[in-house]
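Enquirer: Chains G and X, in that order, are what the protein sequence lines are.
When you line the first sequence up against our numbering, it's residues 1 to 191, in that order.
When you line the second sequence up against our numbering, it's residues 1001 to 1073, in that order.
Just so you know, not all the hints are guaranteed correct.
Said to hold, decoys possible - Selected chain X positions facing chain G (in silico; Cβ < 8 Å):
(1) PHE1013
(2) SER1027
(3) GLU1043
(4) PRO1047
(5) GLY1048
(6) THR1050
(7) VAL1072
What the hints assert, rightly or not - Computed footprint of chain X on chain G; a stretch qualifies when at least three of its residues, placed anywhere within it, have a C-beta under 8 Å from a C-beta of chain X:
(8) 3-13
(9) 19-28
(10) 153-161
(11) 171-180
Claimed, not checked - Have a look at the derived ranges for each label pair, beta carbon to beta carbon:
(12) X/LEU1061 with G/THR182: 29 to 37 Å
(13) G/SER121 with X/HIS1025: 25 to 33 Å
(14) X/HIS1025 with G/ASN134: 35 to 43 Å
(15) G/VAL179 with X/GLU1063: 23 to 31 Å
(16) G/GLY16 with X/GLU1063: 19 to 27 Å
(17) G/LYS78 with X/LEU1061: 39 to 47 Å
(18) X/ASP1059 with G/VAL84: 43 to 51 Å
(19) X/ALA1023 with G/ASN18: 18 to 26 Å
(20) G/SER159 with X/GLN1037: 14 to 22 Å
(21) X/LEU1061 with G/VAL84: 39 to 47 Å
(22) G/GLU70 with X/PRO1053: 45 to 53 Å
(23) X/PRO1055 with G/LYS160: 19 to 27 Å
Simulated from the structure, these hints should not be mistaken for laboratory data.
Predicted model only: the values in this text are computed from it and were never measured.
Using N, Cα and C, we set each Cβ at its ideal position, and we do this for glycine too.
In case you want the letters, here they are:
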Amino acid sequence: MLAGKGFKKVFNVSGGINAWKSKTAIGPQDLGMDLFTGKEAPLDVLKVAYSLEQGLREFYITLAKKAGNEKVKDLFLKLSDIEVKHQMSIYTAYNQISKVETNKADFEKMVETGALEGGLSTEEYLDLFKPDLNSEKEVISLAMSIEAQALDLYHRVSSKITHPESKAIVNKIADEEKVHLTSLGRLMDSL
Amino acid sequence: MKWMQFLTPAQSFDYKEAEAYMAEHASDTVTLLDVRQPSEYKESHIPGATLIPLPELTDRLAELDPEKPTLVY
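Looking at chain G on its own, in the form it has when it is part of the complex:
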């Protein structure tokens, strides 16, 4: 149908969702969308994104405390460090765009943390995936599920956002989540 309507390149994903072996996302189209109005200026998008990374970082730190063995504890701390790197790149982008240097403490005061990446709360993620906190594979699987959820949310948000620069920022963050998901997959394969 699409090819006949002027779509230049159309590919059928054979087997559809049933054949899809990688992580999937769940929930309706509006899940987590309340975090963004769609009218945010670029700096506001970065503040929301930073808060989501902060939420996930705190989530991993909480789980590190609950972890049953040292390997899993280390893994959670490693995952939380990755979120710190994401936060730093968002903070750097904030200062570049605002053209006024805001120190990190002042920036963090402007950021509210309410939800994790992907738009679900800590409890919702744990209820949903019920990870075994003694298993490295399950922990990485949980992290991959969250990244898949985050990638999905940023895609949906991108279609809602009207400001071109804000949209570009969201797309860039979505691409970073995609890379993060791939690297977690490699980590999983290495176990």
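With chain G fixed as given, assemble chain X onto it according to the hints.
Expert: Same frame as chain G, now just chain X:
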């Protein structure tokens, strides 16, 4: 009648090829289109997919960019 729609075959990707294709392309340069029903999408979907159920597709084509490669499932 637009014969093109019957004569233009869509190439198929298996999931590995589709995943690799999306990994190689920036998010805003490819459309991943989910044409199932909202209840199916809610249960599970490929991250980043845009939902337009098949019965609505003809009326909502303007929401999509025909210039972008489009992966459909």
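Enquirer: A separate judgement is required for each hint: does it hold in the structure or not?
Expert: Now the hints, each set against the structure:
1. Restraint check, X/PHE1013 versus chain G: the minimum CB separation of about 5 Å is within 8 Å; hint holds.
2. Taken as an interface hint, X/SER1027 checks out: its beta carbon lies about 4 Å from the nearest beta carbon of chain G, inside 8 Å.
3. A cut of 8 Å between beta carbons decides the hint on X/GLU1043: the least distance to chain G is about 7 Å, and the hint holds.
4. Using the Cβ-Cβ criterion of 8 Å, the hint placing X/PRO1047 at the interface with chain G is satisfied: the shortest such distance is roughly 4 Å.
5. Against a cut-off of 8 Å between C-beta atoms, the interface hint on X/GLY1048 holds, since the closest Cβ of chain G lies about 4 Å away.
6. The interface hint given for X/THR1050 holds, since its Cβ lies 7 Å from the closest Cβ of chain G, which is under the 8 Å cut-off.
7. Among the interface hints, the one on X/VAL1072 holds; its C-beta lies about 6 Å from the nearest C-beta in chain G, closer than the 8 Å criterion.
8. Using a Cβ-Cβ cut-off of 8 Å, 11 residues of the segment 3-13 of chain G lie near chain X, which meets the minimum of three, so the contact claim holds.
9. Counting residues of the segment 19-28 of chain G whose CB lies closer than 8 Å to any CB of chain X gives 10, which reaches the minimum of 3, so the coverage claim holds.
10. Under a criterion of three residues with beta carbons nearer than 8 Å to beta carbons of chain X, the stated coverage of the segment 153-161 of chain G is upheld, 4 such residues being counted.
11. For the segment 171-180 of chain G, the proposed coverage by chain X is satisfied: 4 residues have a C-beta within less than 8 Å of a C-beta in that chain, meeting the threshold of three.
12. Against the hinted window of 29 to 37 Å, the Cβ-Cβ separation of X/LEU1061 and G/THR182 comes to about 31 Å, which satisfies the hint.
13. Distance hint check: the CB atoms of G/SER121 and X/HIS1025 are about 32 Å apart, consistent with the given range 25 to 33 Å.
14. Evaluation of the 35 to 43 Å hint for X/HIS1025 and G/ASN134 yields a pass: the beta carbon distance comes to about 38 Å.
15. With their beta carbons about 27 Å apart, G/VAL179 and X/GLU1063 fall inside the hinted range of 23 to 31 Å.
16. Our hint of 19 to 27 Å for G/GLY16 and X/GLU1063 holds, since their Cβ atoms are close to 21 Å apart.
17. One distance hint, 39 to 47 Å for the beta-carbon pair G/LYS78 and X/LEU1061, holds here, with the actual separation near 45 Å.
18. For X/ASP1059 paired with G/VAL84, a C-beta distance near 46 Å keeps the hint of 43 to 51 Å intact.
19. In this structure, X/ALA1023 and G/ASN18 meet the distance hint of 18 to 26 Å, their C-beta atoms being roughly 21 Å apart.
20. For the pair G/SER159 and X/GLN1037, the beta carbons lie near 19 Å from each other, so the given range of 14 to 22 Å is met.
21. For the pair X/LEU1061 and G/VAL84, the supplied restraint of 39 to 47 Å holds, since their beta-carbon distance comes to about 43 Å.
22. A hinted range of 45 to 53 Å holds for the C-beta pair G/GLU70 and X/PRO1053, which are about 48 Å apart.
23. The supplied range of 19 to 27 Å is met by X/PRO1055 and G/LYS160, whose beta-carbon atoms lie about 23 Å from each other.
Consistency note: the structure conflicts with none of the earlier hints.
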